[in-house]
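Visitor: Join the two chains, each given in its own frame, into one complex according to the hints.
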Amino acid sequence: DAGVIQSPRHEVTEMGQEVTLRCKPISGHDYLFWYRQTMMRGLELLIYFNNNVPIDDSGMPEDRFSAKMPNASFSTLKIQPSEPRDSAVYFCASSWRGEQYFGPGTRLTVT
Amino acid sequence: GQQLNQSPQSMFIQEGEDVSMNCTSSSIFNTWLWYKQDPGEGPVLLIALYKAGELTSNGRLTAQFGITRKDSFLNISASIPSDVGIYFCAGPGNAGGTSYGKLTFGQGTILTVHP
Numbered sequence: 001d002a003g004v005i006q007s008p009r010h011e012v013t014e015m016g017q018e019v020t021l022r023c024k025p026i027s028g029h030d031y032l033f034w035y036r037q038t039m040m041r042g043l044e045l046l047i048y049f050n051n052n053v054p055i056d057d058s059g060m061p062e063d064r065f066s067a068k069m070p071n072a073s074f075s076t077l078k079i080q081p082s083e084p085r086d087s088a089v090y091f092c093a094s095s096w097r098g099e100q101y102f103g104p105g106t107r108l109t110v111t
Numbered sequence: 001g002q003q004l005n006q007s008p009q010s011m012f013i014q015e016g017e018d019v020s021m022n023c024t025s026s027s028i029f030n031t032w033l034w035y036k037q038d039p040g041e042g043p044v045l046l047i048a049l050y051k052a053g054e055l056t057s058n059g060r061l062t063a064q065f066g067i068t069r070k071d072s073f074l075n076i077s078a079s080i081p082s083d084v085g086i087y088f089c090a091g092p093g094n095a096g097g098t099s100y101g102k103l104t105f106g107q108g109t110i111l112t113v114h115p
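Protein chains in written order, with the numbering used here: chain A, 1 to 111; chain B, 1 to 115.
The set of hints was computed from the structure by calculation and includes no laboratory data.
Please note that the accuracy of each hint is not assured.
Stated by the list, open to error - Distance ranges between label pairs, derived from CB positions:
1) A:His-10 <-> B:Thr-62: 34 to 40 Å
2) B:Ser-57 <-> A:Glu-14: 45 to 51 Å
3) B:Phe-12 <-> A:Glu-44: 42 to 48 Å
4) A:Val-12 <-> B:Asn-58: 33 to 39 Å
5) B:Ile-80 <-> A:Pro-70: 42 to 48 Å
6) A:Lys-68 <-> B:Thr-62: 39 to 45 Å
7) A:Asn-50 <-> B:Ser-20: 31 to 37 Å
8) A:Gly-42 <-> B:Ser-57: 26 to 32 Å
For glycine and all other residues, C-beta sits at the position ideal for the given N, C-alpha and C.
Excised from the complex, chain B in its bound form (with noise of 0.2 Å):
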């Protein structure tokens, strides 16, 4: 089935820091999601992907369809205390496919802000 590779597992970092995040697949996608997880939550969808080399923002997050389509990045902005949680990437989970279906997600990546 898809792999989804996302690193770093883990950040800390101050507040105000920049934050970057990427995520590999062993195949070619055409859509990518990139989720965040509160404590006691459920993932929340931020950014959606559909196109290589697509570069979209929602407010201070900013993500990234890489080229390859293989690849997907996302970025945080001058970080605050509540970007504190899980970001997952995400998608297709059938080789080749639409993400109509079932997604294929990332291991996730825990950010923990210092104010």
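Isolated chain A, as found in the complex (with noise of 0.2 Å):
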């Protein structure tokens, strides 16, 4: 298996811009997670879905930010307008039976 695939690596976007992030998750795991990690906050649980489905977005900072789940195969997290406090490396993880598996993660610069 490929692991978590996320898109695009690397992102850098003006303040104001919407900013669209991808995964693809491991073929068979049903549960799909999104991190955000920074050097003063750590690691964060922004949401995670269940069987496509939004279990706990309690994580999620404001309503600048939404995150979907179309089909077991695709996730994606929005910032609609992004702002330089949202820079930030973004995680993708999906598991089964509890481990989780982590992408490579999206590295969003937002000037």
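Guide: Set out below in structure tokens:
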């Protein structure tokens, strides 16, 4: 298996622009997670899905953030409008029976 | 929510030395996971533990699930430069629940190995 696939690996955008991050989980995994990592706050869980259904979005910072999982093999995290404080590395992870496997991350820079 | 305390926060060691780090939780866990994150990459699962007292090895790495179910330990023997990175412990994010859902992560241990 190719593992969790994320795109793009790097994104640089201007404040106010819409940003869409993409994730393809490992085939057969029934959970999908979106995390954000910064030096100051460490690894934060934003939202997670079970069988494509959002279970807990309490970590989503504000309404500018939204996530979807239209099918078992694809998820998006959207930020609209983006702000400089959104700059971070965003990870997608998938799991089956508890062992989470992370993607390589998307490094987002908002100028 | 669940709280994990991981220590030490950072370690500076010489190549060839052994390393020990640990994680304690505020409540009982039924699963412990250990991850390593290399610079610029996502965390990689090293070892998963499912039973109290369990001792599991993965090459030079050995992890133990504490008998009290509130702690876990990770040891690295004969460290090499590629062991450099951040090591995270993780456990179930829901009190008393399974780890099938969200995880709680420790703050991480930053390991530096001097050649």
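Visitor: Against this structure, judge whether each hint is valid.
Guide: Against the structure, the hints come out as follows:
For A:His-10 paired with B:Thr-62, a C-beta distance near 36 Å keeps the hint of 34 to 40 Å intact. Between B:Ser-57 and A:Glu-14, the C-beta spacing of about 49 Å keeps the proposed range 45 to 51 Å intact. Separation of B:Phe-12 from A:Glu-44 is about 27 Å and departs from the stated range, judged on CB atoms against 42 to 48 Å. Taking 33 to 39 Å as the suggested C-beta distance range, the pair A:Val-12 and B:Asn-58 conforms, at roughly 37 Å.
Distance hint check for B:Ile-80 and A:Pro-70: the Cβ-Cβ separation is about 44 Å, which falls inside the suggested range of 42 to 48 Å. Separated by about 41 Å at the C-beta atoms, A:Lys-68 and B:Thr-62 satisfy the suggested range of 39 to 45 Å. Checked against the hint of 31 to 37 Å, the C-beta distance between A:Asn-50 and B:Ser-20 comes to roughly 36 Å, which is consistent with it. At roughly 28 Å, the beta-carbon separation of A:Gly-42 and B:Ser-57 lies within the given 26 to 32 Å, and the hint holds.
When each numbered hint is compared with the structure, a violation occurs for hint 3 only.
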